[in-house]
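Enquirer: Next come the chains, spelled out residue by residue.
There are 4 protein chains.
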Amino acid sequence: MIDPKDTECKNLVLSIKLMAKHLDGMADTFEIAEIKKMLNYILKAENIFVMGAGRSGLVGKAFAMRLMHLGFSVYVVGETTTPAVKKEDVVIGISGSGETRSIVDLGKIAKEIGSTLIAVTSNKDSTIVDISDNVVLIPGRIKDNGGGYLERHMRGDYRNLTPLGTSFEISSLVFFDAMIAELISIMGVSEDDLKSRHTTLE
Amino acid sequence: MIDPKDTECKNLVLSIKLMAKHLDGMADTFEIAEIKKMLNYILKAENIFVMGAGRSGLVGKAFAMRLMHLGFSVYVVGETTTPAVKKEDVVIGISGSGETRSIVDLGKIAKEIGSTLIAVTSNKDSTIVDISDNVVLIPGRIKDNGGGYLERHMRGDYRNLTPLGTSFEISSLVFFDAMIAELISIMGVSEDDLKSRHTTLE
Amino acid sequence: MIDPKDTECKNLVLSIKLMAKHLDGMADTFEIAEIKKMLNYILKAENIFVMGAGRSGLVGKAFAMRLMHLGFSVYVVGETTTPAVKKEDVVIGISGSGETRSIVDLGKIAKEIGSTLIAVTSNKDSTIVDISDNVVLIPGRIKDNGGGYLERHMRGDYRNLTPLGTSFEISSLVFFDAMIAELISIMGVSEDDLKSRHTTLE
Amino acid sequence: MIDPKDTECKNLVLSIKLMAKHLDGMADTFEIAEIKKMLNYILKAENIFVMGAGRSGLVGKAFAMRLMHLGFSVYVVGETTTPAVKKEDVVIGISGSGETRSIVDLGKIAKEIGSTLIAVTSNKDSTIVDISDNVVLIPGRIKDNGGGYLERHMRGDYRNLTPLGTSFEISSLVFFDAMIAELISIMGVSEDDLKSRHTTLE
Numbered sequence: 010m011i012d013p014k015d016t017e018c019k020n021l022v023l024s025i026k027l028m029a030k031h032l033d034g035m036a037d038t039f040e041i042a043e044i045k046k047m048l049n050y051i052l053k054a055e056n057i058f059v060m061g062a063g064r065s066g067l068v069g070k071a072f073a074m075r076l077m078h079l080g081f082s083v084y085v086v087g088e089t090t091t092p093a094v095k096k097e098d099v100v101i102g103i104s105g106s107g108e109t110r111s112i113v114d115l116g117k118i119a120k121e122i123g124s125t126l127i128a129v130t131s132n133k134d135s136t137i138v139d140i141s142d143n144v145v146l147i148p149g150r151i152k153d154n155g156g157g158y159l160e161r162h163m164r165g166d167y168r169n170l171t172p173l174g175t176s177f178e179i180s181s182l183v184f185f186d187a188m189i190a191e192l193i194s195i196m197g198v199s200e201d202d203l204k205s206r207h208t209t210l211e
Numbered sequence: 010m011i012d013p014k015d016t017e018c019k020n021l022v023l024s025i026k027l028m029a030k031h032l033d034g035m036a037d038t039f040e041i042a043e044i045k046k047m048l049n050y051i052l053k054a055e056n057i058f059v060m061g062a063g064r065s066g067l068v069g070k071a072f073a074m075r076l077m078h079l080g081f082s083v084y085v086v087g088e089t090t091t092p093a094v095k096k097e098d099v100v101i102g103i104s105g106s107g108e109t110r111s112i113v114d115l116g117k118i119a120k121e122i123g124s125t126l127i128a129v130t131s132n133k134d135s136t137i138v139d140i141s142d143n144v145v146l147i148p149g150r151i152k153d154n155g156g157g158y159l160e161r162h163m164r165g166d167y168r169n170l171t172p173l174g175t176s177f178e179i180s181s182l183v184f185f186d187a188m189i190a191e192l193i194s195i196m197g198v199s200e201d202d203l204k205s206r207h208t209t210l211e
Numbered sequence: 010m011i012d013p014k015d016t017e018c019k020n021l022v023l024s025i026k027l028m029a030k031h032l033d034g035m036a037d038t039f040e041i042a043e044i045k046k047m048l049n050y051i052l053k054a055e056n057i058f059v060m061g062a063g064r065s066g067l068v069g070k071a072f073a074m075r076l077m078h079l080g081f082s083v084y085v086v087g088e089t090t091t092p093a094v095k096k097e098d099v100v101i102g103i104s105g106s107g108e109t110r111s112i113v114d115l116g117k118i119a120k121e122i123g124s125t126l127i128a129v130t131s132n133k134d135s136t137i138v139d140i141s142d143n144v145v146l147i148p149g150r151i152k153d154n155g156g157g158y159l160e161r162h163m164r165g166d167y168r169n170l171t172p173l174g175t176s177f178e179i180s181s182l183v184f185f186d187a188m189i190a191e192l193i194s195i196m197g198v199s200e201d202d203l204k205s206r207h208t209t210l211e
Numbered sequence: 010m011i012d013p014k015d016t017e018c019k020n021l022v023l024s025i026k027l028m029a030k031h032l033d034g035m036a037d038t039f040e041i042a043e044i045k046k047m048l049n050y051i052l053k054a055e056n057i058f059v060m061g062a063g064r065s066g067l068v069g070k071a072f073a074m075r076l077m078h079l080g081f082s083v084y085v086v087g088e089t090t091t092p093a094v095k096k097e098d099v100v101i102g103i104s105g106s107g108e109t110r111s112i113v114d115l116g117k118i119a120k121e122i123g124s125t126l127i128a129v130t131s132n133k134d135s136t137i138v139d140i141s142d143n144v145v146l147i148p149g150r151i152k153d154n155g156g157g158y159l160e161r162h163m164r165g166d167y168r169n170l171t172p173l174g175t176s177f178e179i180s181s182l183v184f185f186d187a188m189i190a191e192l193i194s195i196m197g198v199s200e201d202d203l204k205s206r207h208t209t210l211e
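Chains as they are written, first to last, in the working numbering: chain B, 10 to 211; chain D, 10 to 211; chain L, 10 to 211; chain G, 10 to 211.
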C-alpha cells in the first residue's frame, strides 16, 4: 500500500486521457444504418423498456431518464410500476459481453412476446446479438476477448486503468447521451422542453 | 420532426467528439492536493456512504459498486440495508449545481453527526462546497452559470448537445472511475481481485 | 444469547396473533368518508405518485404496483422514469409519525404545485396531516406517543414484538391492499385483468 | 364503474377481516423445527442475502432492513453494493409459487457455490423447495392450486379480495416481522438497539 501523499495521481490522469481518446475514436466507428434503425424504433415505439445488469443497468437508467425528459413512455425493467411488455413495444438490452444471463433470458422472453429487441453490446459474436432485431456495437473491452482503442494502444496495464466493464459502461453512457442529442435535433425540441419534465420531487 | 432516415447523425457524432475533448481537458484541471485528500479519506474510512439525486445518484452507485469490488465497506444512501452514519465515516455528496436540496440537507446531517463530507460538484460557489471538508471540482456545465470546455468552444447549441446535467454526469463518472484506477495502483491490487468480489447473483 | 434450539418461538407466535387482532380491530376504525374521498381522488387522477421513506416506502411501492396492475398511471417518487408532478395529479405520502422530513418536504412541494396530497399516517397531530387534502389514519404505534390495539392490550413488552414502525407498516400494507379490493369491486374488473398487466420480464 | 360515493366500502372491510383471520390461523401452522433451523442459520451466517421478485422482493427488503437494525451483515440481491455470495453465507429466497424463474435460477447458483439456501414459499411441491436446505411454508394462496384459510372459507370471490400473490405477500411480511420479534428475544436486545442502527440519512 502506497501512502496517498506520495502518489502523483498519474494513473488517475492517464485513465481519463485514455477514455477521452477511446471515445474520440468511437465516434467514427458506428454503423450509421444501425443507429438510424434504432432511432426509428425508439420514435415509433408504443413503450420503451430498458434493461441491464450491474453498472450496465445504471447506464440504462440514465438513458431511460432522458427518454422520459423527451416525453417518451419509457420503463426500466425491474422497477416498481413497469408493466407487461407487448408486441408494439421496444426492449433495449445492454450487456458488454452480450452473454449476461438475466439479460439474455429476458431478451428471449421479449422476442417470444413479439416485441422489438435492440442490443447495445461490445461483442458481435454473442447470444444477445443473435436474437436482436437491431445491434449497436460499442468498442469497449470485453472480458476475455478484447477490441477497441485501449487494447490496441496499451501494453498490459490497461486492465487496471479500466477494470472489468469500465470502458464499455462509460462508452455506452456517452453513446446513449449522444442518441439523446440526435433525438433532440430530430424532434426539434430544446433543453427547456426536457427541463419541464424533470422531476420536481427530488 | 425529421424522418430518422434523413439524418446523418451529425449531432450524435459531434456530441461524442465534444465530450471526448471536454474529458481530455478535464484531466489537467484537477487540484491534485484535493484528490490526494479524497484518496486518504477513502482509504481511512470506517464506512463510505455515497449520495446523489437523479442521474448523479446513478453515477454515485457506479462508484460505490467499484469501491465494493475493491473491498471497501460502502453504502448507497437510500438503499435497503444502509446503516446509520457515524463520526468515523465518510459521506460523498454528488451534485452538479451544489444546491440539490436533498443532498445539501443530508450533507448538513452528516456534518452534525461529525462525519467527513466530500463534495463532487461543478459549482465552487455552492452550499455543498461551504459545508464540505474536501471538494473536487468537475468542469461540467452548471445550469445558469457555465464553465468548462463546451461553453468556451460552442456557440449556443451546446445546450442541446449535452442537455441539463449531461456534461457533469459523464465527467464525474469518468473522474470516479479514474479514482478507482488510482486506488488500484495505490493498494497494489489487480483486476482479478475486483472480479472475485463481483456479484455472483445477477 | 439464547440457543435457538431452546426457544419455543413464543414471541414469534405471539407477535402474529397480536398483529391479527390489531388488523381485525383496524377494519372498524376507518372514517369511511375519508376513504371514499381517497377512492375518488385515485379514480380521477391524471397520474398518481406514491412516496414514503424506509419500510413505509416499500409499502408504497407494493401499493403502486397493484395500481399499475389495475391500469392506473402511477409512479414511485425517486424511481428512474418518474416525471414532474402536475396540478391534475395526486400524491400519496406515507409516514407513520407524519413528520418524516423528506416526505413532509416533498408534500409541501406537491401542494405548491397545486396537486392533491393524501396522507396515510398514524399521527393525526402531524405536519403531513396539516398540509394534506385527505387523511387516512392507520391505528399503528407511533414512536413516542402511542395509540391502537397493541398499546391498550400489552404491558410494556409490545415494543419488542412490533419494534419501531412495524405495526404501522404492516397495517398500512393491509389497508392499501384492501383499497385494491375495493377498487376491483368499484371498477368491475377481475383478477385476470390484473394478471394481464403483471410484468412479463421478471 | 360504481361512483365511489355510492360504495359502503364493504370489500375493504371484508378483505381486512379475512386477512386478520388468515394470519391468526397461520400462527398455529408453522413447523417449529424448520423455524428454529432458520433462526440458527441466520444467527450463524457470515452474511445474509435476501431475494424475491416483485412484491415478494419488497417483503424481502423489509426483512433485510430489520436484520440490519439488529446488526446482521445483510444484503439485498440486486442492490448496488451487494458482494459475491460465499460458502459461509445464507441466501433467503422468497417466492409464493416457488417457481419464479429468476429466484429459482439464483437459488441454483447459491447452491452451486455451496451456501445455505432457505425457501419461504406457499408451495411445498415446488422447485425452490427441492433445492433448499430449509423451508418455511406460508399458508398463502398459490395461483392455481389453493390452500389456507381464505380458500376454505370463501366461495369464489376471494380472488378479488386478495388478488394474485396478495395473501402470500402480507403473510410472509408478518412472518418475517415475527422472526424479528423472536430474534430480539433470543439475542436479548431491545428496540433502542434497533433504533441506534436506523438510517440517519432519510
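Any given hint could be a false lead.
Heads up, the list lumps identical chains together, so a pair's fine if it works in one copy or across two of them.
[Said to hold, decoys possible] Taking lysine-lysine and the DSS-like style, the derived pairs with C-alpha atoms no more than 27 Å apart in a straight line are:
#1 K133 / K120
#2 K30 / K53
#3 K96 / K26
#4 K19 / K133
Hints are computed from structural coordinates only; laboratory data are not their basis.
If you're wondering where the values come from, they're calculated on a predicted model, not measured in any experiment.
Enquirer: Hint by hint, note whether the structure agrees.
Expert: Consistency of the hints with the structure:
1. K133 / K120: This pair counts as within: shortest intra-copy Cα distance 19 Å, inter-copy 32 Å.
2. K30 / K53: Result: close neither inside a copy nor across copies, 34 Å intra and 33 Å inter.
3. K96 / K26: neither (43 Å within a copy, 36 Å between copies)
4. K19 / K133: Result: close only across copies, 24 Å inter versus 33 Å intra.
The structure does not agree with the numbered hints 2 and 3 stated previously, though it agrees with the rest.
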